[in-house]
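Enquirer: Residues per chain are reported as follows:
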Amino acid sequence: MHIPFLSALTDYLQGDGAVILPEVELTLFGLGILLIDFTLGVKERYLNAGLALAGTAFSAYTVWKLRVPVGANGSLLGFHDSVIVDPFFLFFAGLFLAATALVILLSVKFLEIEQEQEGEYYALLLFACVGMMFMASGFDLIVMFLGLETMALSFYVLTGFLRREKRSNEASLKYVLLGAFSSGILAYGFSLLYGLSDSTNIDTIGEMLGQRNAFITSLLHNPQSVTPAFDPFLLQLLPVLAFVFVAVGLFFKIAAVPFHQWAPDVYEGAPTPVTMFVSVASKTASFALLLRLFLVVFGATRVNWMYLVAGIAVASLTWGNLAALTQTNVKRLLAYSSISHVGYVLLGLVAGNKTAMTGIAYYLLAYIFMTAGAFAILIVLRQKGLIGEELEDLNGLYQRSPASALLLLIFMLSLAGIPPTAGFMGKYFIFLSLIETKHPVLAVFAVLYIVPALYYYFRIVVHAWLKAPGEAPRPVMSNAQAVALSVAAFVTLAAGLYPEPFTRLAQYALGR
Amino acid sequence: MDFFANHILSVVLFTPLAGAILLLLVPREMELTHRIGGNIFGMLGFLVSLPLVFWWKPGLEQFSFPENVPWIPSIGARYHLGIDGISLLLVMLTTFLGMIAILSSWSAIHQRTKEYYILLLLLQTGMIGVFVALDFFLFYVFWEVMLVPMYFLIGAWGSDRRLYAAIKFFLYTLAGSVVMLLAILALYFYAPVAPGATRTFDVPTLLAAAQHFSDPLKVWLFWGFFFAFAIKVPMFPFHTWLPDAHTEAPTAGSVILAGVLLKMGTYGFIRFSLPLLPADGAMRSNIIKIVIVLSLIGIVYGALVCLMQKDMKRLIAYSSVSHLGFCTLGIFALTPNGLAGSVLQQINHGISTGALFLIVGVLYERRHTRLISEFGGLATPMPNFAAIYLIISLSSLGMPLLNGFIGEFTILQGAFQVSKAWAAWGTLGVILGAAYLLWLYQRVMFGPVTLPVNEHLPDLNLREMATLVPLVFMAFWIGIYPKPFFSLIEKPVQKIVEQVNPNFYQMERAKLPPAVVPAAVEAK
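Heads up: the sequence lines are chains G and S, in that order.
The opening residue of the first sequence carries number 1 in this note's numbering; numbering runs sequentially from there.
The opening residue of the second sequence carries number 1001 in this note's numbering; numbering runs sequentially from there.
For the record, the hints were derived by calculation from the structure and aren't laboratory data.
Careful: at least some of the hints might be erroneous.
Covered stretches of chain S (chain G as the covering partner; in silico rule of three or more C-beta atoms under 8 Å from a C-beta of chain G) [to be verified]: (1) 1043-1056; (2) 1145-1152; (3) 1179-1185; (4) 1478-1488.
Ideal Cβ placement from N, Cα and C applies to all residues, glycine included.
Put together the whole structure using the sequences plus the hints.
Expert: See the structure below:
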């Protein structure tokens, strides 16, 4: 039987459609949630979460299936080379889907307590994830920018989702203003790149920039061929400007110092599951974008920007760690700590060899699960009548809920980088790559910042373990929360105790 | 049984961990079960380590009881265990003191009993791991992991300033160990590797490769390791965490801290730092000079500060700075006597200072104070206690026929062979040691009972006897017949001196009259 529509669909799914199938599935599920949400009563709203979870599962399965053609061909390109599916994308897509699933699991009870159980919340989570996946799979400036904006717009709404709360509204507004500002800067950088190379395909742009760079170098070697039309300084000006704008836009998105000011306020104001999503997934997605751009577009001129990135990395480490020391709000503290984690990942980019790339992938993987775990504890603490975000609210957590306290300890050790946890392995690769590429000073900076980091992470531990509990009630963990916590703890410990499979995965994604 | 024999080190290593996991499953209301369980596993940990001694084959060149399986193949980290005579002694010290420390906490701990025993057992595994690991990656994991239970032991069961002391301990040690991590990574990266092969973290391989490094690189590596070990020992300017941590920790914590934890630093010096010393020349002699001067300052300064203390526990803590100064002096004298004496003195310090902390613990449980001025004339109500305390004090200050004398004498002899001045300053430390320990004993035990509360203090009970008598027995054994101990460490020490200071044996040969040479050198 031949049905024209169906055969057209199958053809499509074997061609261009295959490279965007995971995203398409997520979008369909998101739209489905918006449709059925009207028919659900208040008691049935949790079904939205179930549907969203199913969406991530379907999408994850498709991503998993994609590894076979990718393994055979190296990569799949579609839509006139503007979308790519390669190990890089598969790895990051897996991380985004895992993070989204964790957020969905942790959101159900939280929204119940806040009495904001609208279905749009879950739809927006899925749309944000779609945006992130396009950020990792985009091979064209337009696709990348669209992915970034899809993610950002969803986040602006999610941050202000607690409409009745002032903090949430304020955070949302700050996020919108600074987000739009940084997107503008990034778009300006993109426009310069287009002007330089007459193309939006990043491979072509990279080639053009490389040729230009080679031409400039040859000019510098033969001073007699320098004419007013071919002045090496002028020729270099535009690529440098383009790089600076793109870099600044991206540094805003990953919250590197000095473009980090929005992060603590947004983290503090947003609903905690959204804070977790912003800090975990949006940061990783922005890193995916940054890595793709820096490695493909600016790969040829690495020596020129290496020290700029190193400076940003050390600044992030310094400011992130020092500012975290004095915080009393756990969400703010984790915001500053995540700024310091950005510093470590950027140091990997400075080293830039195979070990460093493995390290970046490993670090981001570890970062997602350990940070998600830390926020998950805060979400569990959120009970009726208790916000549970201040250090004082953690007091005596050990007596109130030993399991949460133990998990919190594991996540804190991992965030600080104490073995045998995932966080240590991530740092291990970064440090090793710095030594391999002869950056001993940066390496010493990087290791010594573990010490203040441990101090502030253990301020959390002290409150949870060694302070007497006050009047605070025992936190009750829902099943969904327990599942999310177990997954986060399992990965955090497994990637530290038996890192072999995770190392292979990181090498598959980036370290080749 | 075969499995046990082939994996004896793993069994020794993981018995305490297994105990901790079992106790984790017992509900926390069953305090007595936890007490008994903790003690059983403490004792079991010691019993399973005894075969190491019985099955020991002296004179082996390689590490004994090896276990070597891949762990993280993609980076070349392996699960590689093995011990030589030096690590054997330290492992035995760990299991022995661990058992005693656990026994000593029976009546001292009343809250969070479950967690207390779990942490003590975890700590045991961490410490044994440091001494048996022969893979740098594995070593580093144990080195760091062990900080966490110790942090909680101080922070949860310590006295008034416990939180401050606990985090100070953690941060100081961590600062040193992260620098060591860099040194390990540099060693890993700079060691030559066959093309196509993965690099390795294997300790013997890397240290052998390090012999061919250039001198400046060796110096950098040496200092990288140095900070971690110097903070752990602790050597003079890095010692400030020690008095706080030892004073605030619960009795068992202090026993373990002084008895075993500090030895991780000296062990590191012997195992990892010495092979990284550059070849003869200005760089080497500068390093040696700096380390020896710091050791001598530590010996004298520690002893002088002891004279000023009002708190018994703090006094004993500072005495560790002084005693460990002897150990580092012996190590960096680079003579067979110095090294052998240093290893033995590490064991002695574990026994004597461990016992001294137990003694303070006994008094603290009775009076809940550690101030010297609160006591006086205790010999009258507590005669057995007085006898044991006297023996331990004498052992700690280096009285002949007791263990401290053998260690200190051998170290000073070793130092004397290199420089008379070093030995002279060291001897000053011995004299001061006698002064502060005997003065402390006099103020606490002799004279009339000064305070009415002290008049009817109960003497040692059976359990306290059981914790102290084995230590007294060991003090006498080492003091009277130290030969078995020396014979264990003779071979590894000789190997280290040959490798690190090959000139020593040649110079010894030159000093002796020609006829005596062959016999004397053989005897070494």
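Enquirer: Of all the hints numbered above, which does this structure not satisfy? Sort the numbers upward.
Expert: 1 and 4
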